[in-house]
Amino acid sequence: MSTLRDHKVKAAHNETLAASLTAPFYDWAVTVYFYAAVQYIEAHFSKNMPPFHSPSHYKRDSAIGLSKTLKPIWRDYRELKNQSGLARYEAHINFKASDVSKAKAKLDTIKSVIIPTL
Amino acid sequence: MLQYAESQEALKFHSGLFQGSNCSETQTSQVSSSTNAALSGYKPADWIWVELSMVAEVERVFVWQEDDLYRVVSVVNKNDEAMRDKIYERELALIESLPTFRFDFYVLPRMGNELAELVDYSTKPAYSRR
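Residue numbers (the working numbering), protein chains in the order written: chain A, 631 to 748; chain B, 8 to 137.
Just so you know, the hints here were simulated from the structure itself, not pulled from any lab data. Be a bit skeptical, because a hint or two may be false.
[Unchecked claim] Below, computed lysine to any residue pairings styled on SDA-like, alpha-carbon distance capped at 25 Å: (1) A/K726 - B/D75; (2) B/K85 - A/P654; (3) A/K689 - A/L748; (4) B/K85 - A/W658; (5) B/K93 - A/R718; (6) A/K698 - B/L76; (7) A/K689 - B/D74; (8) A/K734 - B/M90; (9) A/K701 - B/D92; (10) A/K638 - A/D738; (11) B/K93 - B/K131; (12) A/K701 - B/S104; (13) A/K689 - B/Q72; (14) A/K689 - B/Y113; (15) A/K677 - A/H687; (16) A/K726 - B/E88; (17) A/K689 - B/D75; (18) A/K732 - B/L76; (19) B/K131 - A/K677.
Construct the complete structure from the given sequences, taking the supplied hints into account.
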């Protein structure tokens, strides 16, 4: 089971990768921003006693939706998750630089709520 | 979030629009919370499609159940974030209303394509807007 530190390191790792991706890999940049968000959220849950680790996205979704602390970032997390799914599976949808900027902004919002709790 | 009385009206309203096979009024809801006990007689899948169909841009709702997990796909036409936000609010309402269940939500913009060109959903939609 990963520790709080592990999750924070992995989150920063993913964030660095996302920021390094340029055209035409906007789809992957959006996806990696989502996985950075996942690591920040897992870092938050790892602080629970006993620590909680969500083994799947749907269990994480419910945990976010039912958490007073995390509920305010539901729409940001949910948009990142949806965009990640569209980027990987829907070939008819093209991603632009603006989509990456929006994804980064959503990650920043998520971090602004989670980092103070860590 | 739909209140019970509103949901009953919505179910009646949508019964004329309903084209799928996932909606049954004969099965008892497994929802245990007191709020949703009033929904006895309806499956959680009914609650799901009613809630999501409240967003005018949602054209179809697909619902698959796997034990306590509901996989839900809302089909829309445009790839629009503001519209998705409205759907996400409804999804959150479902998580709060049905806390004993788990959800895997997805919003699929078809962007002018016929849905059949994008996916092969053998399941009939729980909800289709006419």
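Requested in this report: Could you tell me which of the numbered hints above are not met by this structure, giving the numbers in increasing order?
Outcome: Structure breaks hints 1, 18 and 19.
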